[in-house]
Amino acid sequence: MSERASSRGGQSAGPLRSVLTAFESGARSRTEVCARTGLRRDVVDAAVEHLLRMGRLDARELTVGCPDGGCGSCASGVGDRPGCGAAGPSARRSGPVLVSLSVRRP
Amino acid sequence: MTLARPSTAAPRRGAPSCHGDAPAGGARPGVPVVALVGAPNAGKSTLFNSLTGGSRTVGNWPGTTVEVGRGSWVGTDRCGHPAEVDLLDLPGAYSLDPASPDEQFTADLFTGSGPAGAPDLAVVVADAAHLARSLYLVAQLRERSRRLVVALTMSDVAERRGITVDADALAAALGVPVVELDPRRRSGRERLAAVVADALRAPAPPARARQRDGADDDALAVADERFDWVDGVLMTALAERPARPTVTDRVDRWVTAPVLGPLLFLLVMWGVFEATTTVAAPLQDALGTLVSGPVTAAGRGLFDLLGLSGSWAEGLVLDGLVAGVGMLLTFVPLMAIMFALLALLEDSGYLARAALVTDRAMRAVGLPGNAFLPLVVGFGCNVPAISATRILPDARHRIMTALLVPFTSCSARLTVYVLVAATFFPSAAGTVVFGMYLTSILFVVGVGLALRRTLWRTVGQEPLVLDLPAYQRPTLRLTASLTWVRVRAFLRTAGGIIVATVSLVWLLQAVPVHGGSFGAVPPEDSLFAAASRVVAHLFVPAGFGDWHTVGALVVGFVAKEAVLTSWAQTYAAADPTAGLAPDQLQAHVHAAFAASSGGAVTAAVLAFLVFLLAYTPCVATVAAQRREIGVRWAAFGVGLQLTVAWTVAVAVFQVGRLLT
Chain A
1 MSERASSRGG QSAGPLRSVL TAFESGARSR TEVCARTGLR RDVVDAAVEH LLRMGRLDAR
61 ELTVGCPDGG CGSCASGVGD RPGCGAAGPS ARRSGPVLVS LSVRRP
Chain B
1 MTLARPSTAA PRRGAPSCHG DAPAGGARPG VPVVALVGAP NAGKSTLFNS LTGGSRTVGN
61 WPGTTVEVGR GSWVGTDRCG HPAEVDLLDL PGAYSLDPAS PDEQFTADLF TGSGPAGAPD
121 LAVVVADAAH LARSLYLVAQ LRERSRRLVV ALTMSDVAER RGITVDADAL AAALGVPVVE
181 LDPRRRSGRE RLAAVVADAL RAPAPPARAR QRDGADDDAL AVADERFDWV DGVLMTALAE
241 RPARPTVTDR VDRWVTAPVL GPLLFLLVMW GVFEATTTVA APLQDALGTL VSGPVTAAGR
301 GLFDLLGLSG SWAEGLVLDG LVAGVGMLLT FVPLMAIMFA LLALLEDSGY LARAALVTDR
361 AMRAVGLPGN AFLPLVVGFG CNVPAISATR ILPDARHRIM TALLVPFTSC SARLTVYVLV
421 AATFFPSAAG TVVFGMYLTS ILFVVGVGLA LRRTLWRTVG QEPLVLDLPA YQRPTLRLTA
481 SLTWVRVRAF LRTAGGIIVA TVSLVWLLQA VPVHGGSFGA VPPEDSLFAA ASRVVAHLFV
541 PAGFGDWHTV GALVVGFVAK EAVLTSWAQT YAAADPTAGL APDQLQAHVH AAFAASSGGA
601 VTAAVLAFLV FLLAYTPCVA TVAAQRREIG VRWAAFGVGL QLTVAWTVAV AVFQVGRLLT
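As you go down the protein sequences, you meet chains A and B in turn.
If you read the first sequence in this note's numbering, its first letter stands for residue 1, the second for the next number, and so on.
If you read the second sequence in this note's numbering, its first letter stands for residue 1, the second for the next number, and so on.
A hint or two may mislead.
[Unchecked claim] Pairwise CB distance ranges (calculated):
(1) B:V259 x A:G26: 17 to 27 Å
(2) A:G26 x B:R492: 34 to 44 Å
(3) B:L476 x A:G26: 29 to 39 Å
(4) A:G26 x B:Q654: 33 to 43 Å
(5) B:V259 x A:R41: 40 to 50 Å
[Stated by the list, open to error] Some chain A residues judged to face chain B by a derived CB distance under 10 Å, without partners named:
(6) L20
(7) A35
(8) L39
(9) V43
(10) A47
(11) V48
(12) E49
(13) H50
(14) L51
(15) R53
(16) A59
Hints in this document: simulated from the structure, not taken from any laboratory.
Beta carbons: idealized from backbone N, C-alpha and C, even for Gly.
Start from the sequences and build out the full structure, keeping to the hints where you can.
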């Protein structure tokens, strides 16, 4: 049974709950979320963006740190905010970033 | 004919005059007000410009900082009559849930709670290539009886991606008219004008019925119902060609595979360290020779010239700063190469995959998933990694992760690994360094498990997903920029705290304990040596109870780079007549281990490396721990690191001695 059907005791949950359930039960990527929920990639992407806006998901950058922890001028940071563990993808980075998504408890 | 306000429609909630103090340039008073809304980048402003031509103004909406475009749009209805509307270009909004001033403005406008009334009709500009993202707003707007038209843009982009949208089916599912158009090519404008004219004449469609009950105060349930409706709409109106696996998909099948993925990661990291040590070795030798040769000779000549030859000042500058800091600077090429290779891996997208396979291993042994981010940061520097534990919502996770971070091998420790590996294992230096990083992961896992089974038996798992970006060709700009930032930070450390540490060590080495004068004492008779000898007894069971070695480790509490500088200045001071070339330093270190290990040199060196890896990284890390988890836990952390480091080092030496 897919995450979508099972997330509310067999009753079909909506895409947002299905995506959250997929994350909570160990999905590691959006592709895996699509496979578990049966949702289109477009819907999963929109759901993740919406959950981020709602504060139900948390997205942070993941980079290796600097040798002395002085991140104020780091290329992967934004303004005076550090690149390591900064919230969301930085606007300044041109390359891909690793975004970790963790489910926040309501 | 001017578009008349329909007489059959429900009373207008917002007269055009309500918008009269909005940016000038709109249509004549009395004409219907139509608002363009939609998610950012859906083509809304392009459509607005295309419809209004030169007849538009852009300015802040009165009383707000929200920028709104306004213009007169004169189209034709189905009978060919002119149809004028007052067109508003509202700021981009994904939804009516106010997450920004722009979205608040749009929400207020459509709920009628703002100073201006709601427009007569909304044209929702929807990107056909990202329809799910665009239709959430439609779902919200359809919850009230309101005139809506959906303008479908980017159909060509969607087509290229194998997405076909059936506009008629979409209109039927949404319950509002849908017009496919391309504002860049100015196609579809006439149809849109006709459909808008029709919609303005017709009564507003009834609000859509909610599919599922959800209390209004349960924001997730309400939003979920909307997404469910959007999903249902897409199921009936959108056809998608099965996506062909991309290059990223094909590569990821191998790179993130449960068994092959970790093996490949190990191979890649081994390659990084092997390349780093191999390529950097000749550069490092050349720099070392430069520092110990011409630079030291020039300095000695200068002191001769000043008549300060043999003075304490010469000792501080040449045996302290030049030998110590100079030795550290010979590692700049090595650090630059490693940082550049890591930046390449990061920028290409591979680091994300490496994170995925490592995370999987950590979860397998029960470590909290979201502790992974600070731990990865820790491989660069432990200080920001400790700060990064703030992202963990659970206090126990925060403390546990902050206690584990010091076991991640930061780049400062790399310099010592390289020197020791090049001294004792010259043909396998890269492999030894790689082994230290593996050992670091084992420490994190082992200590993490031990903490979970003793202090935090009930720590739960936090879900976490790693969002994998597509692979891309690394950019020179970003790679160079990241490399420079990290090298600069290394240089800053060398120029700041290391200079201070070197000066302090020189001072301690200048103080005699068995007679003699300040600054003219052999290192072995100095206060530094005497204090180091006391501590060195503790390390006899680990095979490296030599005062030079232990003194360097004690100095390493300040910063790990100081282990190197301490060695360099101690051995340089022992023979102040000449500079200390890199091979001479290695010979001194080798002799010290040979003497202290009783012949089991390899076991002693491995024990030393393990101790170096596991004991307290630096004072800055302890300060960061104190700040983040309090003084008691920080003290516990230091005790934990020293206990683990000493115990494992002794075990490595004793077992190694039996085997050799």
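Here is how each hint holds up against the structure:
1. Between V259 of chain B and G26 of chain A the C-beta distance comes to about 18 Å, which sits within the given range of 17 to 27 Å.
2. At roughly 41 Å, the beta carbons of G26 of chain A and R492 of chain B sit within the given window of 34 to 44 Å.
3. Evaluation of the 29 to 39 Å hint for L476 of chain B and G26 of chain A yields a pass: the beta carbon distance comes to about 38 Å.
4. Look at G26 of chain A against Q654 of chain B: about 41 Å separates their beta carbons, and that is inside 33 to 43 Å.
5. As the Cβ distance of V259 of chain B to R41 of chain A is approximately 27 Å, the hint placing it in 40 to 50 Å is violated.
6. Interface hint status for L20 of chain A: upheld, as the beta-carbon distance to the closest one in chain B is roughly 8 Å, under 10 Å.
7. Given hint, A35 of chain A at the interface with chain B, is violated; its Cβ is 12 Å from that chain's nearest Cβ, farther than 10 Å.
8. Hint status for L39 of chain A: holds, given a least beta-carbon distance of 7 Å to chain B, under 10 Å.
9. Interface restraint check for V43 of chain A: the shortest CB-CB distance to chain B comes to about 4 Å, inside 10 Å, so the restraint holds.
10. Because the closest C-beta pair between A47 of chain A and chain B is about 6 Å apart, less than 10 Å, the hint holds.
11. Hint on V48 of chain A holds. Least Cβ distance to chain B is approximately 8 Å, under the 10 Å limit.
12. With 10 Å as the threshold, the beta carbon of E49 of chain A comes within range of chain B, its nearest partner Cβ sitting at about 7 Å, so the hint holds.
13. For H50 of chain A, the shortest C-beta to C-beta distance to chain B is roughly 6 Å, which falls under 10 Å, so the interface hint holds.
14. Contact between L51 of chain A and chain B, as hinted, is supported at the beta carbon level, the nearest pair being about 9 Å apart and thus within 10 Å.
15. A least Cβ separation of about 5 Å between R53 of chain A and chain B falls short of the 10 Å threshold, and the interface hint therefore holds.
16. A least Cβ separation of about 7 Å between A59 of chain A and chain B falls short of the 10 Å threshold, and the interface hint therefore holds.
Of the numbered hints listed earlier, those contradicted by the structure are 5, 7.
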